[in-house]
Amino acid sequence: MDFANFLIQLLNGVQYGLLLFMLAAGLTLIFGIMGVVNLAHGSFYMLGAYMAWFFTAQFDSLVLAILLGTVLAVVFGWLLEWGLFRFFYHRDHLDQVLLTFGLIYIFEEVRSILWGDDVHAVQVPELLNWSIPLTDTLSYPVYRLVMSGICVLLAVALYLLISKTRLGMKIRAGAFNREMAEALGINIRLIHGVVFALGVGLAAIAGMIASPISSVYPGMGSSVLIMCFVVVVIGGIGSVRGALVSALLVGLVDTFGKVLVPQLAGMAVYMLMAGVLLYKPEGLFKQ
183 MDFANFLIQL LNGVQYGLLL FMLAAGLTLI FGIMGVVNLA HGSFYMLGAY
233 MAWFFTAQFD SLVLAILLGT VLAVVFGWLL EWGLFRFFYH RDHLDQVLLT
283 FGLIYIFEEV RSILWGDDVH AVQVPELLNW SIPLTDTLSY PVYRLVMSGI
333 CVLLAVALYL LISKTRLGMK IRAGAFNREM AEALGINIRL IHGVVFALGV
383 GLAAIAGMIA SPISSVYPGM GSSVLIMCFV VVVIGGIGSV RGALVSALLV
433 GLVDTFGKVL VPQLAGMAVY MLMAGVLLYK PEGLFKQ
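Each number in our numbering corresponds to the 1-based position in the sequence shown with 182 added.
By construction, these hints were calculated from the structure, which means they are not laboratory data. Note that the Cβ used here is the ideal one computed from N, Cα and C, for glycine as well. The reader is advised that the hints may include incorrect statements.
Unchecked claim - Derived Cβ-Cβ restraints for the label pairs, each shown as a range:
id	residue 1	residue 2	range
1	S397	L320	18 to 28 Å
2	A303	L276	31 to 41 Å
3	A365	D299	42 to 52 Å
4	G265	E308	47 to 57 Å
5	R371	F241	17 to 27 Å
6	M362	K440	44 to 54 Å
7	D299	H272	47 to 57 Å
8	D242	I314	50 to 60 Å
9	L246	L366	34 to 44 Å
10	W297	S345	44 to 54 Å
11	I314	L266	23 to 33 Å
Turn these sequences into a full structure, and let the hints guide you.
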């Protein structure tokens, strides 16, 4: 592998890892802070992709579609937590699994009714629809670099929110000791609504920005859900920092595995997870 090909695969691995982080961050926040096993998290990724396709077709602008879709996804997440998930916080994890597994089928059926079962393409914005030449025959799409940049900005914003703000302090307090936080006057129900809406919003944004390169198709949420759980398990449940490191590792292992050892590519990520859990059963960054 020459340097140009290595650089392309490195960029692809980082881009894929950052996209996985967007999904896994919301999943690990919801599970780590609220204790909810959400198997329907991949459906929010699918929802974002379909909103990007639909609103881009309506307004002829992917940027406007992402802005509008983000607002709708956050509102939808807030309503879903308020009307359904808050009644399952103290229930057994099996009840949560059955609930969220059922939601996958509901979301898929609603998606089929609203938008059909065809595969759709989302056009890359004209301003970003060009490539940076690396050699005479190889180039790298600018849109993929923009995707990575957006993910990095959101990762920094999430870190600042959780670590440096008063809201983040309340979120961490509620995750550490809910009863004491409530005794100090923190509205835990409000915090849970914010966290769930934030998780749904991050997953939907990931789906929206990925839609031009992955297409929009039925069942696309299920294909990323397992990888999200792998990232969360490797990084450590409840750790956003662990989700970032783990997502980048998974992205690089998956990308280079498909290039260097394609016959083992399907197992590479799971071999990584097994190796980490063998020596650190709690994940890389226990929270």
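Range hint 47 to 57 Å (beta carbons of D299 and H272) holds or violated
violated, 38 Å
Between M362 and K440, is the Cβ distance one that fits in 44 to 54 Å?
-> holds, 48 Å
> Is the hinted range of 47 to 57 Å satisfied by the C-beta distance from G265 to E308?
Replying inline: Violated: the Cβ-Cβ distance is about 40 Å, outside 47 to 57 Å.
Between R371 and F241, does the beta-carbon spacing fit 17 to 27 Å?
-> With a Cβ separation near 35 Å, R371 and F241 fall outside 17 to 27 Å, so the hint is violated.
Outcome of range test on Cβ distance (A303, L276; 31 to 41 Å) = holds, 40 Å
Given the hint of 44 to 54 Å, is the C-beta distance from W297 to S345 inside that range or not? violated, 38 Å
Q. Within 23 to 33 Å or not, the Cβ separation of I314 and L266?
A. violated, 46 Å
Review point. In this structure, is the beta-carbon distance linking L246 and L366 contained in 34 to 44 Å?
Key: Cβ of L246 to Cβ of L366: about 42 Å, so the range 34 to 44 Å holds.
18 to 28 Å as the expected CB spacing between L320 and S397, which holds or is violated
Holds, at about 23 Å.
### Query
At the C-beta level, are D242 and I314 separated by a distance inside 50 to 60 Å?
26 Å Cβ-Cβ, so the 50 to 60 Å window is violated.
- Query: If you check the beta carbons of A365 and D299, does the distance land in 42 to 52 Å?
  - Reply: For A365 and D299 the Cβ distance comes to about 51 Å; the hint holds.
Checked against the numbered hints given earlier, this structure breaks hints 4, 5, 7, 8, 10 and 11; the rest are met.
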